[in-house]
Amino acid sequence: MAAPAFAPHAPEEHEALIEVSGLERTFMVGDEPLTVLRGVDFTIPRGAYVAIIGPSGSGKSTLMYQLGCLDTPSAGTVRLAGYDIGSLDDAELAALRNRFIGFVFQAFNLLPRTTAVDNVALPLRYAGVGLRERRRRAREALGRVALSHREDHTPERLSGGERQRVAIARAIVTEPALLLCDEPTGNLDQKVGREIVELFERLNDELGVTVIIVTHDPALARRVRRVIKIVDGRLVHDGPPTADL
Amino acid sequence: MLDHILSALQALTANKVRSALTMLGVIIGVLAVTLLVSVGDGARAYIDKTLSGIGTNLLIVQPGRRETRGLGGPPTGNISRPLTMDDVTALKRQGTLLRDVSPIVAGGGAVRFENRQRDSTVFGVGAGFSDLRNMHVDVGSFIREEDLTARRRVAVVGRTVAKALFGNDSPLGRTVRISDGRFRIVGILEKKGTSLGFDLDDLVFIPATTASDLFHQDFLSQILTAARNKAEVQQAILQIEEVLARRRNGENEVTVQSQDDLIGVLGTVTSAMTAALLAIASVSLLVGGIGIMNIMLVSVRERTREIGVRRALGATRHDILLQFLIEALVLATVGGLIGLGIGGGLIAAVNSAAPDVPLKLSPWIATIAFGASFAVGIASGVVPARRAAQLDPVDALRYE
Ligand SMILES: Nc1ncnc2c1ncn2[C@@H]1O[C@H](COP(=O)(O)OP(=O)(O)OP(=O)(O)O)[C@@H](O)[C@H]1O
Ligand SMILES: [Mg+2]
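Line by line, the protein sequences give chains P and G. 292 is the number of the first residue of the first sequence in our numbering; add one for each residue after it. 9 is the number of the first residue of the second sequence in our numbering; add one for each residue after it.
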């Protein structure tokens, strides 16, 4: 496949990586409209490390999908590196995701029966990178998460923590500006979860990648400098972690 | 593109059992197409070859008028005047466009020698029959013109008859009983083998005049003749009709069939047969295609989450569409190639084990079979691929 026709400019030109204003998202459930996000505003600068918390069903994942260009606002705007995502078409959104964003999911979401290296190399395929170069960069990314010795293992033969590290390698292989992590430690025990969190902190530190983590884990939330709390689709807290989280 | 094919192969080998089962439908479909059409094609080639081998530009004159020319039993309608030896003589004299003319009196009956007996087909013929029908003696001589004039009781026998009555002894000069007459054997036909189910070596030829006496039948079954060359076949037919009509108060009471008519009629029969076989085989290919479509639809559902993940990693709708389309295409064409390979192998095996069986794998069948599996791949892949591409990425990711 040729490189995407839509070639976004580098995000460096924009101080604020993410600008959300008046964001609303309404779903139709049958004939009933269900408003999940009710006017959310915030800005996230490049290189930030932010946790998003809130009760179950409050709209955290829905917000993540907006920031991840997987969904577009019903009202208000989401700007990523200056792009108003509501005005982009399918191919342009795909190119933005591919170029700027790395996703880490709670359920890892690796391709089954596919080696770690091939899993990590997958996003590069959609970037139009050749097979050899893909493999090379995938190995490099696996090195960053200390999994070089598991390159040719399929997910079935990896532990939960190892799977999540493969998923993180996949997220950073394109050298994205933004890592979006939706409860990345939700399926892991405390110790392994801790390792994963430390890995995010290191990546944020060393690569300067902006990290946004949705979490239920108060311990994790207390480690970050900035917490955004969503309740019932509204932003109720945006700042350093407080005691009543 | 290579990338897409490689990752399709990867996806398909990741689920080997299911891929194999899916392919099975197409394998069987293509196998059916290949084998059935080869049967039809082989039959046609065989009939063509056989009919061309019986002579060149042959014309068969039968009594009675039939408007449509073609294959069939003796012409119906009122046979007011049968064919006679005088007709043969007239055709020989006035048929300037004819190569040779031979009467034919068909009969049958037991041929006996001492206590041995064989039920063979006995034909009364003229001297010209040998050259016209490409049936020559390799020992002795064929029926001669003077045998007809003198109504001699002589016979020419085929190999099967000779073997049955005389074993390994030479039949030449021996006397056999045919019906209630005694015949001296003057020639033995060269070996011909079977053709269209007839044993061409199980024949006995006697002079047509003698045959009329023997079978108590003073008219001819047919007159066999041939045009001098291919370009004159139609004129030759007209000439025959003219000559014979002159002897029948100007009435045209005969039907002349040419060898080409025969080949043409049998050709349409075998073509129709081939088409019918192809239609049957296509149904199995269609079933194979529906199988692929089904499995692809299941696969799209099962891999909904994967589709969501791929979209999150930067795949466009178009990428997803191509992915599933190519998977279906790879399944179908690989299945097609396997089916074609098995079919070709079977046909080659049959050909070498039983060369007589008319089975023939011609390139056009291979092309059609492969093209059909390609088409099946596209047709059965489009719907699932479109469904996969239309999925909303968030819905796909949230799918449990
Ligand atoms: N596509 C959709 N159609 C209809 N309702 C939806 C859709 N997506 C989300 N919702 C609803 O929106 C609400 C918020 O969902 P969301 O997944 O964003 O919650 P969350 O904060 O991530 O919860 P959790 O902590 O349990 O993951 C839920 O009530 C959910 O049922
Ligand atoms: Mg959620």
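Derived from the structure by calculation, the hints contain no laboratory data. Idealized CB from N, CA, C, for every residue including glycine. Mixed in with the good hints, there may be bad ones.
[As the list claims (entries may be wrong)] Cβ pair distances, simulated, as ranges: (1) P/523 <-> G/24: 28 to 34 Å; (2) P/321 <-> G/383: 47 to 53 Å; (3) P/346 <-> G/298: 25 to 31 Å; (4) P/334 <-> G/306: 52 to 58 Å; (5) P/419 <-> G/283: 43 to 49 Å.
[Stated by the list, open to error] Derived contacts from chain G toward chain P, CB cut-off under 8 Å, selection only: (6) 11; (7) 18; (8) 313; (9) 314; (10) 317; (11) 322; (12) 327.
Hints, verified against the model:
1. P/523 <-> G/24: 28 to 34 Å: At 49 Å between Cβs, range violated.
2. P/321 <-> G/383: 47 to 53 Å: violated, 41 Å
3. P/346 <-> G/298: 25 to 31 Å: Given range 25 to 31 Å: violated, Cβ gap about 48 Å.
4. P/334 <-> G/306: 52 to 58 Å: The hint (52 to 58 Å, Cβ to Cβ) is violated, given that residue 334 of chain P and residue 306 of chain G are roughly 45 Å apart.
5. P/419 <-> G/283: 43 to 49 Å: With Cβ atoms ~48 Å apart, the hint holds.
6. 11: holds, 6 Å
7. 18: holds, 7 Å
8. 313: Cβ of residue 313 of chain G sits 7 Å from chain P, so the hint holds.
9. 314: Since chain P brings a Cβ to about 6 Å from residue 314 of chain G, closer than 8 Å, the hint holds.
10. 317: holds, 5 Å
11. 322: holds, 2 Å
12. 327: Hint on residue 327 of chain G: holds, closest Cβ of chain P at ~6 Å, below 8 Å.
Violated hints, in rising order: 1, 2, 3, 4; the structure is consistent with all others.
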